[in-house]
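Work out the full structure, taking the sequences as your base and the hints as a guide.
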Amino acid sequence: MNGIPMEHGLIVAAVLFALGVTGVLIRRDILFILLSLEIMLNAAGLAFVVAGSRWLQPDGQLMFIFILAVAAAEVSLGLALILWMYSWHKTLDVDCASKMRG
Amino acid sequence: MTYAFYIASIIAIAATFRVVTGTHAIHALLYLVVSFLAVAMTFLTLGAPFAAALEVIIYAGAIMVLFVFVMMMLNPGPRSVGRERHWLTPSVWIGPAILTTILLTELSWILTTERGVVTQTENVSPRETGVALFGPYILGVEMASILLLAGLVGAYHLAYHLGRRREEQEERGNTA
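Protein chains in written order, with my numbering: chain A, -5 to 96; chain B, 2 to 177.
Among the hints, a few may not be true.
From the derived model, a few chain B residues whose C-beta atoms are all more than 10 Å from chain A [what the hints assert, rightly or not]:
| # | residue |
| --- | --- |
| 1 | Val35 |
| 2 | Gly83 |
| 3 | Glu168 |
| 4 | Glu171 |
| 5 | Glu172 |
| 6 | Arg173 |
| 7 | Gly174 |
| 8 | Asn175 |
| 9 | Thr176 |
What the simulated footprint calls covered on chain B by chain A, stretch by stretch (three residues with Cβ under 8 Å from a Cβ of chain A suffice, anywhere in the stretch; the number is not a length) [as the list claims (entries may be wrong)]:
| # | stretch |
| --- | --- |
| 10 | 10 to 16 |
| 11 | 57 to 69 |
| 12 | 106 to 116 |
| 13 | 127 to 141 |
| 14 | 147 to 154 |
Quick caveat, the hints were computed from the structure, so don't treat them as lab data. Keep in mind that this is a model prediction, so the values were computed, not measured. A virtual CB, placed ideally from N, CA and C, is assigned to each residue, including glycine.
Now the structure itself:
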């Protein structure tokens, strides 16, 4: 049984990460921007797991667990801030939140 | 096993593409769940069953359910779909898309210069992962717990003040 070439796994992670970056850049709905951030975190986790599988070490999965913790903390705060923004501006357009203390 | 990896990664990439280009928020969310499940499948084929289980339970389960709750509260209707279509014109997305494509090509070129390294197919068991997690990485566990505590306190703070603000608005609405 053959393993998967490491560069293929890393390229899949790179494609997912690039899609996430594109999403952050082109979307104006802040909910979609948060989703794209999730995609990027997930792609980074995939790269770690591929590397852990390459050297048959548990470190890759450990890093994935830490990324999971970061994603959970980020998403809880991010969604709370989205609710705040909707309460202030009645929209999810990020361009409306261009002023501090506006 | 190898074919399963390629099929799952194609599904993941296609579903993620639909998330980034989608206009309906709930549909994009469901596509993202599909993408996470496909990534969990690639974890299984890479011999990381523990990470695959965590991906399904926490990413596709818990985090996406949070998003579903927030979308139910905000209730983006058909109006927002039309607005998204209006925003996503080619003049908006063509520039960032070209730039990230160039970056991705460079990255792929760098990654493929060293060929022929193959991943192992044996599983790294949850037992080994747990032993390493509470052995040399114990400091990381503590830091993650502090981070989650900070997230908890921050989310509580924001939700508490949001609730008070809503109450004040309702009172003002009742008196007026």
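Going down the list of hints, with the structure as the test:
1. Against chain A, the non-interface label of B:Val35 holds: every CB pair exceeds 10 Å, the least being about 12 Å.
2. Under the 10 Å C-beta cut-off, the non-interface status given to B:Gly83 relative to chain A holds; the minimum distance is some 12 Å.
3. Every Cβ of chain A is farther than 10 Å from the Cβ of B:Glu168; the closest lies at roughly 12 Å, confirming the non-interface assignment.
4. In this structure B:Glu171 is separated from chain A by more than 10 Å, as the shortest Cβ-Cβ distance comes to about 12 Å.
5. Even its closest Cβ contact with chain A, about 15 Å, leaves B:Glu172 beyond 10 Å, as expected for a residue assigned away from the interface.
6. With a least CB separation of 14 Å from chain A, B:Arg173 remains clear of the 10 Å interface cut-off, as annotated.
7. Look at B:Gly174: its CB is around 14 Å from the nearest CB on chain A, clear of 10 Å, so calling it non-interface holds up.
8. Every CB of chain A lies more than 10 Å from the CB of B:Asn175, the least distance being 18 Å, so the non-interface label holds.
9. Listed as outside the interface, B:Thr176 is consistent with that label: its C-beta sits roughly 20 Å from the nearest C-beta of chain A, beyond the 10 Å cut-off.
10. For the stretch 10 to 16 of chain B, the stated coverage by chain A is satisfied: 3 residues place a CB nearer than 8 Å to a CB of that chain, which reaches the threshold of 3.
11. Remark: the stretch 57 to 69 of chain B is confirmed as covered by chain A, as 6 of its residues place a Cβ nearer than 8 Å to a Cβ of that chain, reaching the required three.
12. Against chain A, the stretch 106 to 116 of chain B contributes 6 residues with a C-beta closer than 8 Å to a partner C-beta. That satisfies the three-residue criterion, and the hint holds.
13. With 7 residues bearing a CB less than 8 Å from a CB of chain A, the stretch 127 to 141 of chain B meets the requirement of three and the coverage assertion stands.
14. For a cut-off of 8 Å, the count of residues in the stretch 147 to 154 of chain B with a CB near a CB of chain A stands at 5, and the three-residue condition holds.
Consistency with the previously given hints is maintained throughout, with no hint failing.
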